[in-house]
Structure formats: C-alpha cells, structure tokens
Amino acid sequence: MIRFVLDSDTCVFWLRGNRAIERRILEAGTEQVALSMITRCELTYGAWKSARREENLKTLERLHATFTTLQTTDDVSRFFGRWKAQLEGAGAGLDDADLLIAAIAHAHQATLVTNNESHFRRLPGLLVENWTH
Numbered sequence: 017m018i019r020f021v022l023d024s025d026t027c028v029f030w031l032r033g034n035r036a037i038e039r040r041i042l043e044a045g046t047e048q049v050a051l052s053m054i055t056r057c058e059l060t061y062g063a064w065k066s067a068r069r070e071e072n073l074k075t076l077e078r079l080h081a082t083f084t085t086l087q088t089t090d091d092v093s094r095f096f097g098r099w100k101a102q103l104e105g106a107g108a109g110l111d112d113a114d115l116l117i118a119a120i121a122h123a124h125q126a127t128l129v130t131n132n133e134s135h136f137r138r139l140p141g142l143l144v145e146n147w148t149h
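Every position in the sequence shown, counted from 1, becomes a number in this note's numbering once 16 is added.
There may be inaccurate statements among the hints.
To be verified - Listed next, with one range per pair, are the computed distances between beta-carbon atoms:
hint, residue 1, residue 2, range
1, R39, T84, 17 to 23 Å
2, A36, G62, 20 to 26 Å
3, L143, D90, 19 to 25 Å
4, E77, A108, 32 to 38 Å
Note that these hints are calculated values from the structure, not bench results.
We put the beta carbon where it would ideally sit given N, CA and C, even for glycine.
Model the full assembly from the supplied sequences, consistent with the hints where possible.
Dropping the structure here:
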C-alpha cells in the first residue's frame with residue numbers, strides 16, 4: 017500500500033543528500049513511498065536542462081527503479097477539477113503540475129511529502145508532510 021507520495025522538491029533534496037528525507041524513506045519502506053508521473057516528468061525536464069545531463073539522467077533511472085510511479089485516474093481528474101475551480105474562485109491559483117501531483121496523492125489516500133507546505137495546505141482533505149528537517 018502506498019502511504020506517501022514524494023513531491024519533486026523532496027526528490028531533489030533527497031538526491032542532494034538530505035539525511036532527514038533518507039531516514040524517513042527508510043522508516044516508511046520504499047514499498048510505501050511513490051512518485052507521481054508528473055514528478056517524474058518534472059525531474060526529467062530538470063535533468064535534461066542541467067549542465068550534468070547524462071549523470072542526472074542516470075541518477076533518475078535509479079530513482080525511478082526504487083519507487084512505484086502513480087498515474088492519473090478518473091479520481092485524479094475529479095480532485096484536480098474541483099480544487100482548481102475552488103482556488104480560482106477564491107482568487108488564488110496553483111500550478112497545474114502541482115495540482116496534479118496533489119490530486120494523485122489524494123486519489124491514492126496518501127500523504128504528499130513536500131517542502132512547499134503552504135502551496136498544498138490550501139487543498140481540502142490533502143494530507144501534507146515535510147520531511148526535509
């Protein structure tokens with residue numbers, strides 16, 4: 017069962033050696049931690065535009081092999097649509113990629129692990145944790 021979904025920023029912190037994130041992943045077990053396909057896309061984009069492209073792409077291959085990747089579903093589209101409309105109605109917004117990552121975590125009844133807590137705490141019902149410290 018997936019209990020945690022890592023946001024892109026958390027993956028970057030972990031890949032850069034954040035020991036607090038490493039410890040939490042080990043405590044949870046890699047079988048209970050996942051990535052969203054959106055996170056994979058964001059990380060791949062970052063690797064492609066980096067000065068160390070080949071090294072970073074190889075690192076991502078290992079990351080992708082470590083964690084399950086969650087896809088979009090009908091439930092994801094419902095959460096995404098509702099949250100986007102609610103945020104826009106309140107005069108606020110959130111990047112579509114971030115909304116999709118959150119909707120994927122919520123649809124799987126998982127906690128989103130992110131350093132961008134203020135972004136995601138505006139989404140009703142979404143469980144959010146910060147593992148960076």
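* Asked: For this structure, which hints from the list above don't hold up?
  -> none
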